[in-house]
Each structure stands twice: as structure tokens, then as C-alpha cells.
Amino acid sequence: METQTTTPEIINNLMNIKAYLIYLPIAIGTTYWVAKTLFKNSKIFMLDIFHGRAEIAHSTNRLFEIGFYLLNIGAALMILPMSVIGTYQELIEELSAKVGGFLIYLGVILFLNLLLFFRGKRKSSQNAVAK
Amino acid sequence: MNISIIALTVYVLIATNTTYFVGRSLYTNGEIFLKSIFMEKPEIVQPLNKVLLIGFYLINIGFILIFFTQQNNINTIIQCIELLAKKLGTVYLVLGTMHVFNIVLFMHLEKIYNLKSKR
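Sequences listed follow chains A and W, in order.
Under this note's numbering, the residue at position 1 of the first sequence is numbered 1, and the numbers go up by one with no gaps.
Under this note's numbering, the residue at position 80 of the second sequence is numbered 80, and the numbers go up by one with no gaps.
Chain A on its own, in the form it takes in the complex:
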């Protein structure tokens, strides 16, 4: 009861703020890590797609990286609102639902990116054969 009297009026639910403060670093951190790994390895694909023209390959890679960040952080923020949390059990349940949903979304986007790279590689090798 004492904690409720000391907290200001605008902070009506401390548990929700805790949940958001745990969720946001996890979501943004995973996005950063996945993007770093994916786009470090995709440079080779890009060089293949553009037949070894390094300048255009690197700029495409950078552009796709920014698009990946925007799509993932946007989705992470959009699914953020949680129902009112009372106990630590509910906190863990809500957090696992949100983090799990976000990780599945991240995986789907990652595989879409990989499919795009493989398709580009196939098409460019087809073009090279046709010439």
C-alpha cells in the first residue's frame, strides 16, 4: 500500500513499465545481431549478383540493411502494447508471448531476405549463360 501512495499519479502500473523496459532491449538487440550476421554474409551474394562490381554491390547491401532494420524495429514497436500486468507470473507470460512472436517474425523476414538473395543469384547466372 505504501508504494502506491509514494508513486506519482502518472505512473499507474509499474509492472507494465518493467515489462516494456525488458522487452525493448531484447527486441532491438536481436534485430541488431541478426542484421549484422545476415549482411556480413550477404556481401558475397551481392558481389555474385552484380558480377563482381564491388561499388554497386556494397551500396545495395547497405540499402537492404537499412530496410531490414526499419521493418523489424517497426514491427517490434507495433506489437509492444501489453494488457495490464499484476503479478510476476503474468509478466513472464506476456514477455514470452511478445518476444516469441517477434522472433518468429524476424525469422520469416530473414528467410524472405535469403530467398531474395538466392533468386537474384540464380537469375544473374542465367543471364550470364544466355549471353
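Keep in mind that a hint or two might mislead.
Subject to a maximum C-alpha distance of 25 angstroms in a straight line, what follows is the list of computed DSS-like cross-link-like pairs (lysine-lysine) [to be verified]:
no.: 1; chain 1: A; residue 1: 123; chain 2: W; residue 2: 111
no.: 2; chain 1: W; residue 1: 86; chain 2: A; residue 2: 18
no.: 3; chain 1: W; residue 1: 35; chain 2: A; residue 2: 121
no.: 4; chain 1: W; residue 1: 111; chain 2: A; residue 2: 40
no.: 5; chain 1: W; residue 1: 111; chain 2: A; residue 2: 43
To give an idea of the chain W side of the interface with chain A (calculated C-beta under 8 angstroms), a few residues [unchecked claim]:
no.: 6; residue: 26
no.: 7; residue: 33
no.: 8; residue: 86
no.: 9; residue: 90
no.: 10; residue: 93
no.: 11; residue: 96
no.: 12; residue: 100
Note that these hints are calculated values from the structure, not bench results.
It should be emphasised that the depicted structure is a prediction, and the values quoted were computed from it without experimental measurement.
Idealized CB from N, CA, C, for every residue including glycine.
We have chain A already, so just place chain W on it with the hints.
Just chain W now, with coordinates in the frame of chain A:
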């Protein structure tokens, strides 16, 4: 001070800054594509790139400002965070979709042009 004013100020600042940053990167990295497309007319690259950048800014800032309105007034920090997350998330998703669409368009144009010039 009213908390909804703070929330909307933070929203506009973050959204416009992201638009600026994304537009900048599209400008610097897209120039290489445009150079590759307009190989014979290099003087057209710089103005075209600037016009494209201005178009990108106008569309995005217009969308951010249209999306600025808010239905229910907010009283607590939780509501403030939730409103900000929803608005910024939607803006980022729209920005990201447009960005990826632009890249695919550039790649497509570049490929078409290179095939034509080889024939």
C-alpha cells in the same frame, strides 16, 4: 505540462529524424545506381537524385503529419509509451516498405538498362 504534448513532440522528432537519415542513405547509395543507369548522360544524375530525395522527404513527412492526430487523450506513462510505440512502429513499417520498394525498383531499372546496352 500536458503529457500528450510531450508524447507527440517526441513522436514528430524521432519520425522526422529517421526520415532524414533514411533519405540520406538512399541519396548517397542510390547515386551509384543512377550513374550505372545513365552512363551516357552523367550530368543528369545529380539533379535527378536531388529531385528523388525531395520526393521521398515530402511523401514521408506528409504521412507522418497526417498520422499525427490522436483520438483519446493520454494521462499515464503507460499510455504514452503505447501510443508512441504504435505510431512510430507504423511509420517505420511504411518507411521500410517504401525503402525496399525503391531498392527493388533501382535494381530492376539497372538490370533492364544493362541488358539493353549489351545488345
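Open item on the list: What's the verdict on residue 111 of chain W and residue 43 of chain A, does the C-alpha distance respect the 25 angstroms limit or exceed it?
Closed with: 19 angstroms, holds
TODO: Report holds or violated for the interface hint on residue 86 of chain W, using the least CB-CB distance to chain A and a cut-off of 8 angstroms.
DONE: 6 angstroms, holds
Open item on the list: Tell me if the interface restraint on residue 33 of chain W is satisfied: Cβ within less than 8 angstroms of some Cβ in chain A.
Closed with: Constraint on residue 33 of chain W satisfied, holds at 7 angstroms.
Open item on the list: residue 96 of chain W was flagged as interface toward chain A. Is the shortest Cβ-Cβ separation under 8 angstroms?
Closed with: 3 angstroms, holds
Open item on the list: Given the hinted pair residue 86 of chain W and residue 18 of chain A, is their Cα-Cα distance within 25 angstroms?
Closed with: Judged against 25 angstroms, a Cα distance of about 18 angstroms means the pair holds.
Open item on the list: Given the hinted pair residue 35 of chain W and residue 121 of chain A, is their Cα-Cα distance within 25 angstroms?
Closed with: Within the cut-off at roughly 22 angstroms; holds.
- [ ] Closer than 8 angstroms between Cβ atoms is the bar; does residue 100 of chain W clear it against chain A? Give me holds or violated.
- [x] 4 angstroms, holds
Task: Restraint check, 8 angstroms cut-off on beta carbons, for residue 90 of chain W near chain A - done: 6 angstroms, holds
Open item on the list: Please check whether residue 26 of chain W passes as an interface residue: C-beta within 8 angstroms of a C-beta belonging to chain A.
Closed with: Result: holds, 7 angstroms to nearest chain A Cβ.
Open item on the list: Tell me if the interface restraint on residue 93 of chain W is satisfied: Cβ within less than 8 angstroms of some Cβ in chain A.
Closed with: 4 angstroms, holds
- [ ] Compare the distance between the alpha carbons of residue 111 of chain W and residue 40 of chain A with 25 angstroms, and conclude whether the hinted pair is satisfied.
- [x] Satisfied, since the Cα-Cα distance of roughly 24 angstroms is no more than 25 angstroms.
Task: Given hint residue 111 of chain W paired with residue 123 of chain A - CA-CA distance at most 25 angstroms - done: 11 angstroms, holds
In summary, the structure agrees with every hint in the numbered list given earlier.
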